[in-house]
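Colleague: Sequence:
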Amino acid sequence: MSNQTVQTVSTSSDKYKIVLAILAAVAGVVAFYVLAGQAKYVRLGALFGGLALALVLIFVSETGRELVSFAKESIREAKKVVWPTRKEAGQMTAVVFGFVLIMSIFLFTTDKVLEYLIMNVILGLK
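If you read the sequence shown in the working numbering, its first letter stands for residue 1, the second for the next number, and so on.
Wrong hints could be hidden among the right ones.
Pairwise CB distance ranges, derived in the manner of DEER restraints [unchecked claim]:
(1) V121 <-> V82: 52 to 58 Å
(2) K79 <-> A36: 42 to 48 Å
(3) A94 <-> L125: 39 to 45 Å
(4) A39 <-> A94: 55 to 61 Å
(5) S12 <-> Y33: 40 to 46 Å
(6) E66 <-> A39: 37 to 43 Å
(7) T93 <-> Y41: 35 to 41 Å
(8) F106 <-> L67: 44 to 50 Å
(9) T11 <-> A36: 56 to 62 Å
(10) S12 <-> E77: 31 to 37 Å
(11) A89 <-> V19: 43 to 49 Å
(12) M92 <-> Y41: 47 to 53 Å
(13) R76 <-> T11: 25 to 31 Å
Hints were generated in silico from the structure; no laboratory data involved. Note that the Cβ used here is the ideal one computed from N, Cα and C, for glycine as well.
Can you make the complete structure from the sequences, with help from the hints?
Modeller: Printed below as a string of structure tokens:
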């Protein structure tokens, strides 16, 4: 584990980029509905154009670059995972099913014993 401290430094230009990205996304959605009388491809073009502009603005900000870096590192780490073989996966699944079966039998038996004790012995209802 690393003992490095994390400092978040956000410049005002990054804040403006993120605000502009949000406004671009909202403008794309609004344009889609405002252009209701236009052809479908015009409406979709306005929507996707606004969303594309928002993505570009996000990815040129420091936050966006950090997100891309994080995604690349996540993919690199996921490639290091050693997945179980088909045989191992089958064995683990069988163990889980066996445990569930044993637990269900135990809980059923416990429930019926407690039901008998409470209903017949303690309350005498049956």
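Colleague: The structure should be examined with respect to each hint, and the outcome stated for every one.
Modeller: Against the structure, the hints:
As the Cβ distance of V121 to V82 is approximately 55 Å, the hint placing it in 52 to 58 Å holds. For the hinted restraint 42 to 48 Å between K79 and A36, the CB-CB distance of approximately 46 Å keeps it satisfied. At roughly 42 Å, the beta-carbon separation of A94 and L125 lies within the given 39 to 45 Å, and the hint holds. Separation of A39 from A94 is about 58 Å and conforms to the stated range, judged on CB atoms against 55 to 61 Å.
Here the CB-CB span from S12 to Y33 is close to 32 Å, at odds with the stated 40 to 46 Å. E66 and A39 have their C-beta atoms about 39 Å apart, which keeps the hinted 37 to 43 Å range intact. Between T93 and Y41 the Cβ separation comes to about 49 Å, which falls outside the hinted range of 35 to 41 Å. Against the hinted window of 44 to 50 Å, the Cβ-Cβ separation of F106 and L67 comes to about 48 Å, which satisfies the hint.
With their beta carbons about 39 Å apart, T11 and A36 fall outside the hinted range of 56 to 62 Å. Restraint check, S12 to E77: a C-beta distance of roughly 33 Å satisfies the suggested window 31 to 37 Å. Checked against the given bound of 43 to 49 Å, the beta carbons of A89 and V19, roughly 48 Å apart, stay inside it. Between M92 and Y41 the Cβ separation comes to about 51 Å, which falls inside the hinted range of 47 to 53 Å.
Between R76 and T11, the C-beta spacing of about 28 Å keeps the proposed range 25 to 31 Å intact.
Going through the hint list in order, the structure does not satisfy hints 5, 7, 9.
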